[in-house]
Every structure is written in C-alpha cells, then in structure tokens.
Amino acid sequence: MERDQRFGYVVLSVVLMHVLLISAQVNAKPEATVFQAVTVGVFSEIQGWVTATRDGVAAVWSAYAGLRRVHTENIALNRDLSSLRVELQHQRALAQQTRRLERLLALRERVAPSTVGARVIASDATPYFRTLTIDRGVNDAVRPDLAVIGADGVVGRVTHTLGGEAAQIQLLVDRNAAAGALIERTRASGVVLGTDDVSMLRMDYVSNLKDVVVGDRVVSSGSDGIYPKGFPIGHVTHVAQGVGLYRVIEVEPAVEFTEIEEVLVIVDPVAEVVEAGGE
Amino acid sequence: MSPLSIAAALLAALVAQTTLVSVFPGGDRAVDLVLVVVLLTATGRGPAAGLWTGTVGGLLQDALSGGVLGVGGLTKTVAGVVAGAGMQSILGTGWRRLAVVFAASVGNTLFYAGVYALVNVQGPAATATLVVGQALVNTSVAALVMGGAQAWPGLVDRVRRRRQAGRHGWKAA
Numbered sequence: 001m002e003r004d005q006r007f008g009y010v011v012l013s014v015v016l017m018h019v020l021l022i023s024a025q026v027n028a029k030p031e032a033t034v035f036q037a038v039t040v041g042v043f044s045e046i047q048g049w050v051t052a053t054r055d056g057v058a059a060v061w062s063a064y065a066g067l068r069r070v071h072t073e074n075i076a077l078n079r080d081l082s083s084l085r086v087e088l089q090h091q092r093a094l095a096q097q098t099r100r101l102e103r104l105l106a107l108r109e110r111v112a113p114s115t116v117g118a119r120v121i122a123s124d125a126t127p128y129f130r131t132l133t134i135d136r137g138v139n140d141a142v143r144p145d146l147a148v149i150g151a152d153g154v155v156g157r158v159t160h161t162l163g164g165e166a167a168q169i170q171l172l173v174d175r176n177a178a179a180g181a182l183i184e185r186t187r188a189s190g191v192v193l194g195t196d197d198v199s200m201l202r203m204d205y206v207s208n209l210k211d212v213v214v215g216d217r218v219v220s221s222g223s224d225g226i227y228p229k230g231f232p233i234g235h236v237t238h239v240a241q242g243v244g245l246y247r248v249i250e251v252e253p254a255v256e257f258t259e260i261e262e263v264l265v266i267v268d269p270v271a272e273v274v275e276a277g278g279e
Numbered sequence: 280m281s282p283l284s285i286a287a288a289l290l291a292a293l294v295a296q297t298t299l300v301s302v303f304p305g306g307d308r309a310v311d312l313v314l315v316v317v318l319l320t321a322t323g324r325g326p327a328a329g330l331w332t333g334t335v336g337g338l339l340q341d342a343l344s345g346g347v348l349g350v351g352g353l354t355k356t357v358a359g360v361v362a363g364a365g366m367q368s369i370l371g372t373g374w375r376r377l378a379v380v381f382a383a384s385v386g387n388t389l390f391y392a393g394v395y396a397l398v399n400v401q402g403p404a405a406t407a408t409l410v411v412g413q414a415l416v417n418t419s420v421a422a423l424v425m426g427g428a429q430a431w432p433g434l435v436d437r438v439r440r441r442r443q444a445g446r447h448g449w450k451a452a
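Protein chains in written order, with this note's numbering: chain F, 1 to 279; chain V, 280 to 452.
Keep in mind that a hint or two might mislead.
A few chain F residues facing chain V, derived, Cβ under 8 Å [what the hints assert, rightly or not]:
hint : residue
1    : V11
2    : V26
3    : F43
4    : A122
5    : D124
6    : T126
Please keep in mind that the hints were generated in silico from the structure rather than gathered at the bench. Keep in mind it's a predicted model, so treat the numbers as computed, not measured. The beta-carbon is built from N, C-alpha and C at its ideal position, and this holds for glycine as well.
Based on the provided sequences and hints, a complete structural model is requested.
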C-alpha cells in the first residue's frame with residue numbers, strides 16, 4: 001500500500017515536471033534547448049551513418065537491377081539537371097523581375113543567392129510533424145529562418161540549428177508552415193499554408209475578385225522575408241469561390257516531399273543593387 | 280528485459296523511426312515505434328518500467344521532432360503507466376496484451392492532440408483514420424515483436440542442436 005502511494009507520488013512528480021517544461025515553452029521564442037542540441041548532436045551521427053548505409057544498400061540494389069554504367073551516368077546527369085533546374089528557377093525569377101522593372105523604366109541587377117548544399121539525414125521522430133534534419137549547422141553559416149530550396153522549388157525553412165553540424169528544417173507541407181506566394185500569371189498574392197498532406201498545400205487570402213484558374217503556377221512572393229521571390233511552390237489544382245472575401249485554393253507542391261535527399265540552404269539571401277532608375 | 284536492453288530498444292526505435300520508416304510510403308505517419316517499445320515494456324514489466332521508458336523515450340522523441348519539448352514525454356509517460364497498470368489488472372498475455380497496446384495507442388494519440396490543443400500550437404488533427412490506423416499498425420508491430428521474442432529461444436535451440444548433430448555426425452563418419 002505504502003509502495004503504491006510512493007509510486008503515485010513519483011508519477012505525479014514526473015507529470016508535473018512535464019507540465020512545467022511545456023508551460024515554459026508556450027509563450028517563449030522557439031529556440032533549440034541544450035537538451036535538444038545534445039540529443040540531436042548524438043543522434044545525428046548514428047542517423048547519418050544509418051541513412052548512408054540505407055542509401056548505400058538502395059544504390060547497390062538499384063545498380064544491380066539496372067545497367068551499372070547507365071545508372072552511374074544517370075546519377076551524374078540527374079545531379080547536373082538538378083543544379084541546372086535550380087539555376088533555371090533563379091533565371092526565371094530574374095527574367096520576370098527584369099521584365100516588370102523594365103516596364104517601370106528601372107534597371108535592377110540581382111546577385112544570385114549564396115547557397116549551401118545539405119544532405120537529409122533524418123526525418124521527424126514523431127508521426128505528427130513534417131520536419132527533416134540536415135547535416136549542416138552553425139559551422140556552415142546555417143541559422144534559423146533561412147529558406148531551403150530543392151531542385152524543383154521551395155522546400156521549407158530552417159527552424160533550429162542543432163550544433164555545428166546539424167539543423168532542423170520545417171517542410172512547407174507541415175501544418176504550422178506558411179509562405180508568402182503569388183499566382184504567377186496574374187500576380188495575385190496570398191499565403192500558402194501546409195496541410196500536413198505531402199501532396200497538397202492551401203493558398204489563403206486571395207481575393208474572390210482575383211483571376212485564378214486550375215493549372216496556374218504559384219511562386220514565392222518574398223513578402224514573408226524568408227523565401228526569395230520567384231521560386232516555384234506548385235500549381236493550382238482546385239479553385240472555388242469562398243464564402244467570405246477569399247477564394248478556396250488548393251495547390252499541388254512542385255517538390256516531391258517524400259523523396260527529398262539533398263537540399264540547398266540559402267545562407268545569403270538575394271542581394272539587390274539599384275543601378276539606375278528611381279524608386 | 281533488462282534496463283540496458285530497454286535502452287537499446289528505445290535507441291533502435293528512435294533511429295529506425297527517423298531514418299528507415301520513411302522508406303515505406305506513408306510509413307512515417309502510420310507507426311510510432313517509440314510508443315510500441317514503451318507499451319511493450321509497460322505491459323511486460325509493469326507501470327514503473329512504463330513510466331521511465333515513456334518519460335525517456337518521449338523526451339528524446341520530442342528533442343528529435345518539430346514539436347514542443349515535453350508533450351511526447353508527458354503523453355508517453357501516462358500511456359506507459361496506464362498500460363502497465365491496465366495489464367496488471369487484466370493479468371493476461373497474448374491477445375489481452377495486444378488489446379492493451381491498441382487501447383493505449385489510441386489514448387496516446389488523442390491525449391497528444393489534446394495537449395497541443397491546450398497549448399494553442401497546431402498539433403496533429405486527431406482524425407479517426409489517424410488514431411485508429413496508427414493504433415492498428417502499432418499493435419501489428421507489437422504482435423510481430425512479441426511473436427519474434429517468443430520464437431527466438433526455440434530458434435536458437437534448434438540451430439544449436441543442428442550444429443551439435445552435424446559435429447557428432449562428422450565425428451562418426
């Protein structure tokens with residue numbers, strides 16, 4: 001009986017400790033705690049090793065199943081293609097920007113963003129959030145709120161750096177994620193929100209009066225101060241008149257979120273230099 | 280199960296959850312391997328073991344996830360204690376143990392979503408598909424582990440006997 005009572009006190013103490021721990025974070029700025037940094041530091045080594053082994057096994061199997069030479073060439077070509085697609089996205093954004101600004105008789109030169117390539121070493125430890133751990137941290141100038149992009153478009157943002165060699169990124173499909181966005185064709189602006197579904201995003205705050213059709217490309221608007229302007233987010237798959245002021249828009253992401261292996265972190269956001277023309 | 284083997288199981292579950300589960304389409308949503316370890320420990324060794332496994336496993340899982348630190352720790356602690364106490368009151372094995380794992384898994388997901396709703400942070404939407412689906416997969420994994428654990432001593436014994444028979448046969452020849 002006394003033993004049961006003692007155990008009851010222990011349970012109560014542990015529960016209270018958790019409640020206090022949660023309460024301390026509710027209104028605080030979201031930052032990685034020492035416990036998180038140490039845990040991720042320890043686990044990232046093991047996770048990196050397991051991920052490399054997993055990828056190695058997958059690569060061996062893939063090479064065995066196909067023609068080895070063709071497979072190797074394919075990897076090299078895909079790598080080239082990925083970097084060219086990122087370059088293309090940037091050039092596309094540049095071209096649009098230039099066209100619009102030229103119309104305003106202003107000439108603006110943009111400097112390409114400085115990026116750091118990172119490998120995904122782990123996904124979220126719970127089944128409830130859409131985050132990834134990458135193998136770059138403070139040592140590579142990675143810091144919170146930097147944009148993360150992939151070959152096909154916007155991936156997410158850095159939420160925490162976890163020591164020198166790891167950082168956590170929140171995917172755009174996470175239910176707590178959002179990004180400023182534009183309908184590329186009509187320049188109608190809104191906010192893209194994660195829905196926890198890897199194949200669907202929601203675009204809110206686009207007026208019912210704006211012209212949006214299925215198939216329209218959605219790109220980052222840069223208004224959030226995190227994601228650079230003009231990077232692909234996805235395309236509209238469903239649009240309807242909303243009951244209030246805004247349209248109901250569903251967007252299929254440009255990025256295949258279940259197959260992300262490598263990403264680019266924009267460590268130095270686009271620098272803009274006004275050469276001529278007035279603003 | 281010794282404390283060391285429980286710690287090893289927790290470590291393996293965490294690493295597998297973050298690196299291997301996502302290989303299967305939808306796998307990262309469908310199963311919570313840490314919860315499976317917590318519930319198997321609790322139903323096998325009682326509420327005290329469930330308490331500590333739930334606390335350590337939940338906090339480590341929180342640290343490696345995008346959620347609030349402590350929510351997983353709290354819910355898994357409670358799940359571990361309740362599952363351990365429930366198992367003691369039922370006094371059964373096999374199917375009864377799996378039923379406790381299923382019920383505790385459902386309770387854990389609902390409690391987790393409830394705590395997030397309380398702290399005003401967007402957590403999981405506790406849809407019937409998520410709650411029941413995850414509980415079913417967790418229970419299936421638990422059943423596989425229990426089956427494997429039961430079969431293991433017999434398998435080792437059979438291999439040892441076969442080796443011994445082979446050695447004697449070689450000597451006789």
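So which of those numbered hints doesn't the model satisfy? none
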